[in-house]
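*Asks:* Starting from the structure of chain A, add chain B where the hints point.
Spelled out, the chains give:
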Amino acid sequence: MLWHAGLMRIAVVDESAARASVIREGLAEIEDCEIFVVTERRGLVAHIGQIAPDIVLIDLGNPSRDVLEEYFAVSRALARPIAMFVDESDEEALAASVEAGVSSYVVDGLAPHRIRPILDLAVRRFNAFSRLEADLADARGRLAEREAVDKAKRILMQSRGLAEHEAYAELRATAMRQSRRIVDIAEAILTADQLLNGPPPGPSARRPTGRKGHDRTAP
Amino acid sequence: MTQELAIGFLPLVDACLPILAHEHGFAEAEGLSLRLVRDVSWATVLDRLLYGQTDAAHLVAPLAIATTLGRGRPAKPLSVPFVLGLNGNAITLRSDLAAYVCPAGGLGDPAAVGAALAQVAHRRMASGRALRLGVVHRYSSHNYMLRYWLAACGLRPDQDVEIATIAPPFCADALEAGEVDGICVGEPWNSVAVERGVGTIVLATAQIWRRGVEKVLAWRESVMEERRPQAEALVRALVAAARHFIDPANWDANAALLARRAYLDASPEIIRRAISDRLLLRQGGEPVHYPDFMFQYREAANFPWVSQAQWLYTQMLRWEGGAFDSVEAARAGRVFRPDVYRAALIGSGEPLPGASSKVEGSLAGPMAVGTQQGLITMEPNHFFDGRIFDPAAMPAYLAGLP
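For the protein sequence lines, the chains are A and B, in the order given. In terms of this note's numbering, the first sequence opens at residue 1 and continues consecutively. In terms of this note's numbering, the second sequence opens at residue 1001 and continues consecutively.
Treat the hints as calculated values from the structure; they're not laboratory data. Heads up, the beta-carbon is just placed ideally off N, CA and C, and yes, glycines get one too. The reader is advised that the hints may include incorrect statements.
Heads up, simulated EDC-like pairs for lysine to aspartate or glutamate below, C-alpha to C-alpha not over 20 Å straight-line [claimed, not checked]:
| id | chain 1 | residue 1 | chain 2 | residue 2 |
| --- | --- | --- | --- | --- |
| 1 | B | Lys-1076 | A | Glu-91 |
| 2 | B | Lys-1076 | A | Glu-187 |
| 3 | B | Lys-1076 | A | Glu-133 |
Restraint-style ranges between C-beta atoms, simulated for each label pair [claimed, not checked]:
| id | chain 1 | residue 1 | chain 2 | residue 2 | range |
| --- | --- | --- | --- | --- | --- |
| 4 | B | Asn-1250 | A | Arg-24 | 26 to 36 Å |
| 5 | B | Pro-1248 | A | Gln-194 | 34 to 44 Å |
| 6 | A | Ser-130 | B | Ala-1029 | 42 to 52 Å |
| 7 | A | Leu-143 | B | Pro-1074 | 43 to 53 Å |
| 8 | A | Arg-24 | B | Met-1125 | 34 to 44 Å |
| 9 | A | Leu-136 | B | Gln-1003 | 53 to 63 Å |
| 10 | A | Leu-136 | B | Thr-1377 | 57 to 67 Å |
Cβ-to-Cβ under 7 Å is the rule here; a few derived chain A residues that face chain B [stated by the list, open to error]:
| id | residue |
| --- | --- |
| 11 | Ala-28 |
| 12 | Ile-51 |
| 13 | Leu-60 |
| 14 | Pro-63 |
| 15 | Arg-65 |
| 16 | Glu-69 |
| 17 | Ala-73 |
| 18 | Met-84 |
| 19 | Val-98 |
| 20 | Met-176 |
Extracted from the complex, chain A is given alone in its bound form (with noise of 0.2 Å):
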């Protein structure tokens, strides 16, 4: 079959364009391919077909794969059918995929060696994605506590008429004495202070920890 020898077509569906890119970036290290990325639902079957991929790549959390999966068990009756990937001779790379949050499909007849450098990669990238994101929420909690800090230091500068220097050394000794995080004891004093004197003016309640929270959107 001649295309075996040739480029190989790889599509990558994912929802999440950041995500996607980062996948593309790393698939492209790899010789004799060629990348499409699908991020959009509608029409994500037509789209599959006019790319007449060899290699599909989904991440898990996508709600169109069962209707991918459909398109493939249908296109079983075309020249070119395409299966779910099940290389059985490893199963622990298939689960560490899955792990990774990433399913593949590949053209019938293609060799599991050219497709595992791939799938390989992809588990890195995503991998290397999850890690990202994850440095990134925690990275908005940092802030959401230094915010926290700052407005307890300010409600020590106002009621004890100390000096932001001060407010900040008290927090710190405060901590040390009783084993705990600096902005433990800062969502303390806000909830303190919230207790005794209500939630701060504005047009919203502010949330007591200003941790969190998104917007619940109706079903």
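*Replies:* Same frame as chain A, now just chain B:
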């Protein structure tokens, strides 16, 4: 010591039993700690189950059989010790089409709606734009129930009517955009389409087969054998959850609980309607009560009847082609594990059927059946066209289907 079990699910009302077993402490009382893993496609629920990220999963019943038989991927044996429920799906059509094929005021009559739909389908064929209906998965009871109904009404699925797969959360969008003319899906997704004014519910699948198997609790066979005490404990916890689920006193609280973001992330009102067998058929109407729309507990509903697995197998053959193979039929039947269900509940107050297989669709009126323990009275379990499925005569059944 408490044993952790990870359980995969899709956000559908019939994922209720594992969620309630966890939330109300039924699992804990059995020494289990459940970790519920929410996904958005059956493909991913299955992947997580096959590659060990979950121990058991809420699954469309035919997919458990297809996976065991190696349809679409290399065979991996799954086991079903517990049926999570019967029926609970509906057929929703674009409102203009619904108004044409189904008189307003209640659910339609399956034969009458089917006959009217057949006329529309043939006209649409002639105009070159075939009628198109959506189901949630190739290997779903939705697909098989819809096809059963269409075929019995003189329509040839895939020829006279196109059948496409659509993810449940996008069913309403697809109706609105005119990508499909109707959908067969579970709750809350029919009601979401109705609330948005893009569809009208015309039939409940319970009208097609009064006691049709729907979602199951599936394990990898090897994992279930390794963790047999936990598998049996989970059956007991789920039975307790099922008993709680059908008690009207608990409907408000359970609807609110299932509606949470971590579970269905949907409207508690819509969920409450489904669990109380009520459906708002069209926007602005009044909810209609259709008894046993969902069927989660009575008549040993959770018992994995081998005959039900084999009925699904006959439908798989019917729509995918291939000759009847008695070895494969036996393998499909063995996916359902009444022996595990019995072992879990023997000596408890739960009624246990005496047989493991039955003739499906044969009961026209209530009938007390033989049991191993307790009393069971079965209510009518007919198919709307009056056909009867005898698992001892599968080739004849297949040959007699339209």
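*Asks:* None of the hints should be skipped; say for each whether it holds.
*Replies:* So, going through the hints one by one against the coordinates:
At roughly 12 Å between alpha-carbon atoms, Lys-1076 of chain B and Glu-91 of chain A fall within 20 Å of each other, so this suggested pair holds. A hinted pair counts as satisfied when its Cα atoms are at most 20 Å apart, and Lys-1076 of chain B with Glu-187 of chain A does not qualify at roughly 52 Å. A distance of roughly 34 Å separates the Cα atoms of Lys-1076 of chain B and Glu-133 of chain A; the hinted pair therefore is violated under the 20 Å criterion. About 50 Å separates the C-beta atoms of Asn-1250 of chain B and Arg-24 of chain A, a value inconsistent with the hinted range of 26 to 36 Å.
The hinted window of 34 to 44 Å between Pro-1248 of chain B and Gln-194 of chain A holds, with their beta carbons roughly 41 Å apart. At about 36 Å, the beta-carbon gap between Ser-130 of chain A and Ala-1029 of chain B misses the expected band of 42 to 52 Å. At roughly 48 Å, the beta carbons of Leu-143 of chain A and Pro-1074 of chain B sit within the given window of 43 to 53 Å. Hint check: Arg-24 of chain A to Met-1125 of chain B, Cβ distance near 43 Å, so the stated range 34 to 44 Å holds.
For Leu-136 of chain A and Gln-1003 of chain B, the Cβ-Cβ distance of about 35 Å falls outside the hinted range of 53 to 63 Å, so the restraint is violated. About 59 Å separates the C-beta atoms of Leu-136 of chain A and Thr-1377 of chain B, a value consistent with the hinted range of 57 to 67 Å. With 7 Å as the threshold, the beta carbon of Ala-28 of chain A stays out of range of chain B, its nearest partner Cβ sitting at about 27 Å, so the hint is violated. A distance limit of 7 Å between C-beta atoms decides the matter here; for Ile-51 of chain A the minimum to chain B is near 20 Å, and the interface restraint is violated.
Restraint check, Leu-60 of chain A versus chain B: the minimum CB separation of about 5 Å is within 7 Å; hint holds. Proximity of Pro-63 of chain A to chain B holds as hinted, the smallest CB-CB distance being about 4 Å (cut-off 7 Å). A distance limit of 7 Å between C-beta atoms decides the matter here; for Arg-65 of chain A the minimum to chain B is near 4 Å, and the interface restraint holds. The beta carbon of Glu-69 of chain A is positioned within 7 Å of a beta carbon in chain B (closest approach about 5 Å), and the interface hint is therefore held.
The interface hint given for Ala-73 of chain A holds, since its Cβ lies 6 Å from the closest Cβ of chain B, which is under the 7 Å cut-off. Among the interface hints, the one on Met-84 of chain A holds; its C-beta lies about 5 Å from the nearest C-beta in chain B, closer than the 7 Å criterion. A hinted interface residue such as Val-98 of chain A counts as satisfied when its beta carbon comes closer than 7 Å to some beta carbon of chain B; here the least separation is about 4 Å, so the hint holds. Interface restraint check for Met-176 of chain A: the shortest CB-CB distance to chain B comes to about 37 Å, outside 7 Å, so the restraint is violated.
Violated hints, in rising order: 2, 3, 4, 6, 9, 11, 12 and 20; the structure is consistent with all others.
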